[in-house]
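Protein chains in written order, with my numbering: chain Y, 1 to 113; chain G, 1 to 109.
Check the hints yourself; a few may be wrong.
To be verified - Using C-beta positions, here's what the derived DEER-type ranges look like:
1. 7/Y / 29/G: 14 to 20 Å
2. 70/Y / 68/G: 17 to 23 Å
3. 113/Y / 68/G: 18 to 24 Å
4. 95/Y / 16/G: 35 to 41 Å
5. 51/G / 14/Y: 44 to 50 Å
6. 79/Y / 109/G: 47 to 53 Å
7. 83/Y / 108/G: 34 to 40 Å
Since the hints were made in silico from the structure, they are not lab data. Ideal Cβ placement from N, Cα and C applies to all residues, glycine included.
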Amino acid sequence: EAQVTQNPRYLITVTGKKLTVTCSQNMNHEYMSWYRQDPGLGLRQIYYSMNVEVTDKGDVPEGYKVSRKEKRNFPLILESPSPNQTSLYFCASSLSSGSIRQFFGPGTRLTVL
Amino acid sequence: QKEVEQNSGPLSVPEGAIASLNCTYSDRVSQSFFWYRQYSGKSPELIMSIYSNGDKEDGRFTAQLNKASQYVSLLIRDSQPSDSATYLCAVNPGNQFYFGTGTSLTVIP
C-alpha cells in the first residue's frame with residue numbers, strides 16, 4: 001500500500017530534550033516536506049527536500065533540522081524543543097515539487113512541557 | 001501579507017445545497033492551486049487541483065480559478081453530511097507550498 005508513515009504519532013516531552021520524528025514513504029517520491037499545523041495559523045511548511053541530500057527552509061524553519069540521506073526517509077529533528085513547538089506535525093511527499101498531489105502522513109501530535 | 005487567505009467560517013449549508021468556498025492568494029507567480037479536505041483529527045487529502053483560468057469539474061466538485069483577480073474557489077454541489085470538514089486552499093509558487101488557514105464546512109442533514 002502506497003503510504004507515508006510517521007513515528008511517533010503522539011509524543012509528550014520536556015523542554016530541551018532532543019527528539020526526532022521519523023517520516024518514511026514507499027512511493028519513490030523525490031519531494032518530501034514537513035509541516036506544522038496550529039489553530040488559526042493553518043498548515044505551515046517547515047522544511048522541504050527536492051531529492052536526496054537537497055533540503056531547503058520553508059516558512060518556519062527556526063528550531064528544526066532535517067536530513068535526507070535516503071530517498072524514502074526524511075526525519076525532523078528538534079535539538080532543543082521549546083513549548084512553542086507544541087503542534088501537530090505532518091510529513092508529506094510527492095513525485096516532484098510541481099506534482100499534482102502531495103500524500104500526507106497521519107500526523108504527529110507533539111506536546112513540549 | 002499572508003500568501004493565502006480564506007474565510008475561516010464556519011460555513012453551514014443544508015444537505016443538497018451548494019457550498020461555496022473562496023480563497024485569495026498574493027503571489028502572482030503561483031501557477032498551481034489545490035483544494036484539500038481535512039476531517040477532524042485526520043491528515044489533509046487532495047480534492048482538486050487547477051492550473052488554468054476557468055472551471056474544472058470533478059463529480060460534485062468544481063474548482064474555479066481567476067488569475068487576474070488572484071482568487072480560486074471551490075463549489076460543492078449536492079452537499080452531503082460527509083462533506084463536513086475543513087477545506088484548505090494551497091498554492092505552489094515554485095518549490096514551496098502555502099496553505100490557507102482553512103474554511104470549516106458543516107452540512108446540516
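Quick rundown of the hints versus the structure:
1. Between residue 7/Y and residue 29/G the CB atoms are about 36 Å apart, so this pair departs from the stated range of 14 to 20 Å.
2. Checked against the hint of 17 to 23 Å, the pair residue 70/Y and residue 68/G fails, with Cβ atoms roughly 44 Å apart.
3. With their beta carbons about 49 Å apart, residue 113/Y and residue 68/G fall outside the hinted range of 18 to 24 Å.
4. For residue 95/Y paired with residue 16/G, a C-beta distance near 37 Å keeps the hint of 35 to 41 Å intact.
5. Range check, residue 51/G to residue 14/Y: about 46 Å between beta-carbon atoms, so the 44 to 50 Å window is met.
6. Between residue 79/Y and residue 109/G the Cβ separation comes to about 49 Å, which falls inside the hinted range of 47 to 53 Å.
7. Remark: the range hint 34 to 40 Å for residue 83/Y to residue 108/G is upheld by a beta-carbon distance near 38 Å.
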